[in-house]
Amino acid sequence: MRRIILWAPLAAFVLFVILVTAYLRAPSDTAIRSHLVGRPLPQFALQPAVPSHPGLGAADLRTGQPRLLNVFASWCGPCVVEAPQLMALRRRGVPIDAIAIRDRSEDVAAFLARYGDPFERIGSDPNTQVQIALGSSGVPETFVIDGRGTVRYQHIGPIADSDVPALIAAWEAARQ
Amino acid sequence: MIGTSETRSHRVKSRCPFERSREREGLGFARHRSSTTLGPNGWRVRCLFFAVFLASATPALAQSRLPPAALADTQLPDSRQEAQARALMETLRCIVCQGQSIADSDADMAGDMRALVRQRIRAGERPEAIRHWLIERYGNWVSYQPPVEPLTWPLWAAPVVLLLGGFLLARGRFKRKARR
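So the protein lines, in turn, are chains E and R.
Under this note's numbering, the first residue of the first sequence is numbered 11, with each subsequent residue one higher.
Under this note's numbering, the first residue of the second sequence is numbered 24, with each subsequent residue one higher.
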């Protein structure tokens, strides 16, 4: 008994070292997922971000058909990276609306002119309030919203080529 | 940050600096020679490369050009409400910087979260209701105040267990010493 007590601190220390090393070696996932997935969208109504597109409200996403909701900003580098993939989704018949975070109208217009415009509606969220209400943790993010306005899927970060099938699958699944 | 990004994008949008300086200095001979060796398209390609490299060298434009929200860095007129808001902000985690509270962070999103907290406090909402509203969206992660639930029972029990263990250990030692 006494022997065990003597060795216990060392054993605890070794266990501690093993745990710390294991967690240091494991790639950390720092993405914060929205807890709204599976729940209805919060109520919101946003002014148009650019004159060429109508603004966006929660009601516009309850059209009976699933839609993609892209959260982006003209000042965000990774949003440029995902622009071709959004265009590809649009070409495949996926309707996409957007929320521009903390953005100026002229900057959004320039961004769309330069990198392509796959969006039907673009709401402007100058103080990030709707983004926070969505539980979204940054730009870019893409949500799949079903026809009743329920959040069905969240993609965090830029959409890579390899992410397109999963997004289309989530969009198809939201039709049922 | 804002200033540099402004000048940077202006430079990308304007014409290639090579071209401009050559024109300004009027190096007719050089231009003539270069057009024979490279051709006008060669220069255009070079300028395109230059522009592409310039654009790709600035990926960290991750800051909005809009000014901070009205209540992000302005205290509420009612000092009691401001104290409430302040206390709440210190226990809410910044979503983008992850290791800081929104009271400490300079990130745009932290500023917007401070504005949200102050607006809601000013409207008479209780701090715990605001915390709950945020936890509903981001999970317990967003709060620095761990809730009491089965997963965190060891966390809450640890101080009591350690104190109790220490007390028993010390008592044993003192008893042995007294006996000797």
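These aren't lab readings, by the way, just hints derived from the structure by calculation.
Warning: the hint list may mix true and false statements.
[Said to hold, decoys possible] Short derived list, chain E residues pointing at chain R, Cβ under 8 angstroms:
no., residue
1, Leu-46
2, Pro-50
3, Glu-116
4, Asn-137
5, Asp-171
Glycine included, every Cβ here is placed at the ideal spot set by N, Cα and C.
Would you settle whether the hint for Asp-171/E is holds or violated, based on the nearest Cβ-Cβ distance to chain R being less than 8 angstroms?
-> violated (19 angstroms)
Does Asn-137/E pass the interface check with chain R, least Cβ-Cβ distance below 8 angstroms?
-> Holds: closest Cβ of chain R sits about 4 angstroms from Asn-137/E, inside 8 angstroms.
Hint check: 8 angstroms Cβ-Cβ cutoff, Pro-50/E to chain R | Since chain R brings no Cβ nearer than about 12 angstroms to Pro-50/E, farther than 8 angstroms, the hint is violated.
Does Glu-116/E meet its interface restraint, that is, does its C-beta lie within less than 8 angstroms of any C-beta in chain R?
-> Status violated, d = 10 angstroms.
Identify whether the interface hint at Leu-46/E stands, where standing means a beta carbon of chain R within less than 8 angstroms of its own.
-> Holds - the Cβ of Leu-46/E comes within 8 angstroms of chain R, reaching about 6 angstroms at its closest.
Taken one by one, the earlier hints fail for this structure at numbers 2, 3 and 5, listed in ascending order.
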